[in-house]
Amino acid sequence: MASLVGSRVERKEDKKLLTGRGKYTADVNFVNQTFAYFVRSPHARAQIKKVDITKAMKAPGVVSILTGADIANDKIGGLIAGWRIKSEDGSDMKVPAHPPLANEIVNYVGDHVAVVIADSLDEARNAAEFVKVDYKILKAVVDTKGAMDSDQIYKDIPKNLCFDWLLGDRAKVKEAFEKADKIIKIDLINNRVIPNAMEPRAANADYNPSTEEITLYTTSQNPHLARIIISAFNGVAPENKLRVIAPDVGGGFGSKIYPYAEEVVCSWAAKKIERPVKWVADRTESFLSDCHGRDHVTHAELAVKNDGTFLGFKNETIANIGAYASVFGTVTPTYLFGPCATGVYKMPAAYTNVKAVFTNTAPVDAYRGAGRPEATYTIETLVEKAARELGMDPAEIRMKNFPTQFPFQQTLVHSVDSGDYVASLNKAMEVADYKGFEKRKRESANKGKLRGIGLCSYFEACGIAPSPVVMMLGCGIGLWESAEVRFNPTGNVTVFTGSHSHGQGHDTTFAQIAADQLGVPIENIEISHGDTDKGPFGYGTYGSRSLTVGGTAIVKACDKIIAKGKRVAAKMLEASVDDVEFSNGEFVVAKSNKKKTIGEIAFACYLPGTYGEVKSPLPEGEEPGLKETSFFDPANFSFPAGSHICEVEVDPDIGETKVVKYTAIDDFGTIINPLVVEGQVHGGIVQGIGQALYENCHYDETGQLVTASYMDYTMPRADNFPEFDLGFTCTPATSNPLGTKGCGEAGAIASPPAVMNAVMNAIGTEISMPATAEKVWKACNQNKKKNSEAA
Amino acid sequence: MKKVSVEINGKKVTKEIQDHTILSVFIRENLNLTGTHVGCDTSQCGACVVHVDGKSIKSCTALAADVNGSKITTIEGITKNGNMHPMQEAFKKLHGLQCGFCTPGMVMSAIDLLQNNKKPSDTEIREWLEGNICRCTGYQNIIAAVKEAASKM
Ligand code: FES
Ligand code: FES
Numbered sequence: 001m002a003s004l005v006g007s008r009v010e011r012k013e014d015k016k017l018l019t020g021r022g023k024y025t026a027d028v029n030f031v032n033q034t035f036a037y038f039v040r041s042p043h044a045r046a047q048i049k050k051v052d053i054t055k056a057m058k059a060p061g062v063v064s065i066l067t068g069a070d071i072a073n074d075k076i077g078g079l080i081a082g083w084r085i086k087s088e089d090g091s092d093m094k095v096p097a098h099p100p101l102a103n104e105i106v107n108y109v110g111d112h113v114a115v116v117i118a119d120s121l122d123e124a125r126n127a128a129e130f131v132k133v134d135y136k137i138l139k140a141v142v143d144t145k146g147a148m149d150s151d152q153i154y155k156d157i158p159k160n161l162c163f164d165w166l167l168g169d170r171a172k173v174k175e176a177f178e179k180a181d182k183i184i185k186i187d188l189i190n191n192r193v194i195p196n197a198m199e200p201r202a203a204n205a206d207y208n209p210s211t212e213e214i215t216l217y218t219t220s221q222n223p224h225l226a227r228i229i230i231s232a233f234n235g236v237a238p239e240n241k242l243r244v245i246a247p248d249v250g251g252g253f254g255s256k257i258y259p260y261a262e263e264v265v266c267s268w269a270a271k272k273i274e275r276p277v278k279w280v281a282d283r284t285e286s287f288l289s290d291c292h293g294r295d296h297v298t299h300a301e302l303a304v305k306n307d308g309t310f311l312g313f314k315n316e317t318i319a320n321i322g323a324y325a326s327v328f329g330t331v332t333p334t335y336l337f338g339p340c341a342t343g344v345y346k347m348p349a350a351y352t353n354v355k356a357v358f359t360n361t362a363p364v365d366a367y368r369g370a371g372r373p374e375a376t377y378t379i380e381t382l383v384e385k386a387a388r389e390l391g392m393d394p395a396e397i398r399m400k401n402f403p404t405q406f407p408f409q410q411t412l413v414h415s416v417d418s419g420d421y422v423a424s425l426n427k428a429m430e431v432a433d434y435k436g437f438e439k440r441k442r443e444s445a446n447k448g449k450l451r452g453i454g455l456c457s458y459f460e461a462c463g464i465a466p467s468p469v470v471m472m473l474g475c476g477i478g479l480w481e482s483a484e485v486r487f488n489p490t491g492n493v494t495v496f497t498g499s500h501s502h503g504q505g506h507d508t509t510f511a512q513i514a515a516d517q518l519g520v521p522i523e524n525i526e527i528s529h530g531d532t533d534k535g536p537f538g539y540g541t542y543g544s545r546s547l548t549v550g551g552t553a554i555v556k557a558c559d560k561i562i563a564k565g566k567r568v569a570a571k572m573l574e575a576s577v578d579d580v581e582f583s584n585g586e587f588v589v590a591k592s593n594k595k596k597t598i599g600e601i602a603f604a605c606y607l608p609g610t611y612g613e614v615k616s617p618l619p620e621g622e623e624p625g626l627k628e629t630s631f632f633d634p635a636n637f638s639f640p641a642g643s644h645i646c647e648v649e650v651d652p653d654i655g656e657t658k659v660v661k662y663t664a665i666d667d668f669g670t671i672i673n674p675l676v677v678e679g680q681v682h683g684g685i686v687q688g689i690g691q692a693l694y695e696n697c698h699y700d701e702t703g704q705l706v707t708a709s710y711m712d713y714t715m716p717r718a719d720n721f722p723e724f725d726l727g728f729t730c731t732p733a734t735s736n737p738l739g740t741k742g743c744g745e746a747g748a749i750a751s752p753p754a755v756m757n758a759v760m761n762a763i764g765t766e767i768s769m770p771a772t773a774e775k776v777w778k779a780c781n782q783n784k785k786k787n788s789e790a791a
Numbered sequence: 001m002k003k004v005s006v007e008i009n010g011k012k013v014t015k016e017i018q019d020h021t022i023l024s025v026f027i028r029e030n031l032n033l034t035g036t037h038v039g040c041d042t043s044q045c046g047a048c049v050v051h052v053d054g055k056s057i058k059s060c061t062a063l064a065a066d067v068n069g070s071k072i073t074t075i076e077g078i079t080k081n082g083n084m085h086p087m088q089e090a091f092k093k094l095h096g097l098q099c100g101f102c103t104p105g106m107v108m109s110a111i112d113l114l115q116n117n118k119k120p121s122d123t124e125i126r127e128w129l130e131g132n133i134c135r136c137t138g139y140q141n142i143i144a145a146v147k148e149a150a151s152k153m
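Same order as they appear, the protein sequences are chains A and B.
Okay, so the first sequence: first residue is 1 according to the working numbering, each after it adds one.
Okay, so the second sequence: first residue is 1 according to the working numbering, each after it adds one.
Since the hints were made in silico from the structure, they are not lab data.
It is possible that some hints are incorrect.
Partial list, derived from the structure: chain A residues whose beta carbon lies under 10 Å from chain B [unchecked claim]:
(1) Tyr-24
(2) Asp-27
(3) Asn-196
(4) Pro-200
(5) Phe-253
(6) Met-399
(7) Leu-607
(8) Gly-609
(9) Gly-625
(10) Thr-629
(11) Asp-651
(12) Val-686
(13) Val-706
(14) Ser-709
(15) Pro-716
(16) Pro-722
Since the model is a prediction, treat every value here as computed from it, not as a measurement.
We put the CB at the ideal spot given by N, CA and C, even for glycine.
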């Protein structure tokens, strides 16, 4: 049987999605269901003096209205921060209480105040108009940079400071800087963006009074995490009485990793009113209340020698984490950011200091890349600036500082097992025709356009591991993954994974892996995920972890199946176990033609005895059945890396920037399905270009979200892009048996600096993201003015 | 309340609905065809595109009452005898979808493009699909799929 790993297998999940048979949470309906509509704060910061529901309760169709007081009465716990960060001085981070329905204060526009539950959505929405909330409006804190010097939002949190974290060695960095020929400095804003999965968040909770069980359908990347949080922290129901199902999910990009207030409230309310409660966000609610991404203000410095050798790096960042500390809100700007801040380079000394601040804005959490795009943007724009100031070619300065020996002990944390940074940059330069740029630039100039080229070499750390280490660093969960491989008696197979697919194509790629391992045709393998009642506990999908961690768990479970199969085959074929070999789905006794297929073995395992034609006694002490589980905790992260090169053309008369050429060369180790991997890269690049050129989450100074619809928030669209050129270099990972590395986030990590370096190269001025037409036009105009004054 | 009669995916139906029922709600809730998705509230994303009398429209922007007497085709209605439409086949072959949420609208828009322009260029495809947002695919494989479908249809 030909190996499926490495081939462009068309996706198994596509037919249902293409024919309108996908089942997303909003498509799920229960008999007798009610509809929830949330009353949200219109103010960024206010005290709740009174919530009056009398009039609303009398509106037609209303079943129940619940408020923060009810949440408190029922002792429903608050939403949690999943990662405890310690400050440089050893003190614990400070976080405010985060009740699912606000009781005393509201802290951002969109914060949840009450829920109106009615027989129809129209009635719920209508009644919500009559919920009267008396607010005392307080001055909002909005600005990231100014947050520490603004009004104090929470009584016990001085300077609005969650933590002041350090990674690295300040003294060593000081020494390195003293030896430098030149110090390159940069001030950056990593603009806040809104994830905007196309499927708005939704929940539908059904309570069964006879079993006292809640079934919650939700738009989650991580149903088991939702269950444990809603059970253990919010206290809505014990874990064994709570079933969480994340059916088809329309994209996540980090924003659907953890449960939000709405899931908690719908589950709790369903139990209270003993009727199903359905809630579906409209797009404006998504803008207001999905966790946002990025939002850093950074000052960074690079100490260099005149020949371009890097000596040291410092990074002082203020990270806006919004009004509350979300589940991964505190780890994103620390352990997911700091270690990658020195990029793909040998850097003798470095530190990263992050001050995380609270503001009256939506919470900020992981968004595609989570911390690593921010890190890469910092180092890669700084390196480019160093090249400019030293008069070196940007490729040359990178090459000079790449490590060439692997494993490579990176400055701050990671031991990078494999990579070849030189190879990917070389290949990128070749594919991008780097040498031909000057000619293309002249051609653009002839058309009155400014052409620029920008590079980005990146590495990232994904598939966070191992659990004992991350827990020591403050993580409140493990980060292993589970798999159960279940043979049915007739020989077909169901594979349960604790990860979750919401576009990544697990139904196909995981089936490719299992098919190769077990020698079973891919059509006979079903991948099951997203239901806490079906498979074993798992940790969901984010941080490019599913394949390296979850895929490996599948391999390990298959190994156990094969080991048992050998014992059973040996008994049936009257051979010694050591003589039984397994390949292509067959157990063969060495140097003989005696064999059994894996299907025959599965059948035997379920019929352990002799009955007519069936002769399949199991070995003594062997349990019947053929089903194995594995929990895999990797020894290390995986470290994808690569080089991307972007070319832009700027029209100085109107400020419009067009990406005209984009090359991405990535090293994802072993690739299971190139079709799927290319898709991941395309999507990531577009999200990154979106951040660099178009997308911006803007709050005004009172904390109103100005960009709360697609009329105001610029999403990247089909006509914004050229066709991208993709290529791969491969150095297999050594930390997992497949040799794979994560690929989901790379595009979003590499593209913002590549694009911005190209824009700055084109216009010759530093400019912040997003490089909108207005900003670019102003910069071009200023340059024109300067040039004419100089002349 | 209003009585609305339409032919939906070849079947005639009549439903009693509220006057203000939006077409996307009518399709999803009154007709139980949940393949048509709703991704926004400002008529910007295109997840809800269906064909009314053969032409693509954003169903979140029309009143059900206004399409009384029309022929409506949704994503569920373009397969023939269990076989996918060439556009659906092309999306599958070239990985033009990931999470699948934008996909029904994308496919319905793309089919209408080919009704208007049998051999569209890359630029024409990109411009036509400008009203359909996809957050997953980066559009590249969608464009390739539309071209592939054009060559087959
Ligand atoms: S739902 Fe119709 S355009 Fe977005
Ligand atoms: S495939 Fe997910 S939005 Fe297009």
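Original post:
Can the hint on A/Phe-253 be confirmed by a CB-to-CB distance to chain B that is less than 10 Å?
Top reply: Given a least distance of 7 Å, the restraint on A/Phe-253 holds.
Original post:
Would the stated hint for A/Ser-709 survive a check requiring a Cβ distance to chain B of less than 10 Å?
Top reply: holds, 5 Å
Subject >> Interface restraint verdict for A/Gly-609 against chain B (beta-carbon cut-off 10 Å) >> reply: violated, 42 Å
**OP:** Mind checking the CB of A/Asp-651 against every CB in chain B and telling me if the closest is under 10 Å?
**Re:** Because about 17 Å separates A/Asp-651 from the closest Cβ in chain B, which is outside the 10 Å limit, the hint is violated.
**OP:** Using 10 Å as the Cβ threshold, decide whether A/Asn-196 counts as touching chain B.
**Re:** holds, 6 Å
Subject >> Supplied contact hint for A/Val-686, tested at 10 Å Cβ to chain B >> reply: Result: holds, 4 Å to nearest chain B Cβ.
Original post:
When the nearest CB of chain B is found for A/Val-706, is that gap smaller than 10 Å?
Top reply: For A/Val-706, the interface hint is violated, since the closest Cβ of chain B sits about 14 Å away, which is over 10 Å.
Original post:
Does A/Gly-625 pass the interface hint, meaning its C-beta sits closer than 10 Å to a C-beta of chain B?
Top reply: violated, 35 Å
Subject >> Cut-off 10 Å, beta-carbon criterion: hint that A/Met-399 touches chain B >> reply: With Cβ-Cβ at 29 Å, over 10 Å, it is violated.
Original post:
Taking 10 Å as the limit, does the beta-carbon of A/Leu-607 come near enough to a beta-carbon in chain B?
Top reply: At 36 Å from the nearest chain B Cβ, A/Leu-607 fails the 10 Å test, so the hint is violated.
Original post:
When the nearest CB of chain B is found for A/Pro-200, is that gap smaller than 10 Å?
Top reply: holds, 7 Å
Subject >> Hint validity - A/Thr-629 Cβ closer than 10 Å to any chain B Cβ >> reply: violated, 28 Å
Of the numbered hints stated above, those contradicted by the structure are hints 6, 7, 8, 9, 10, 11, 13, listed in ascending order.
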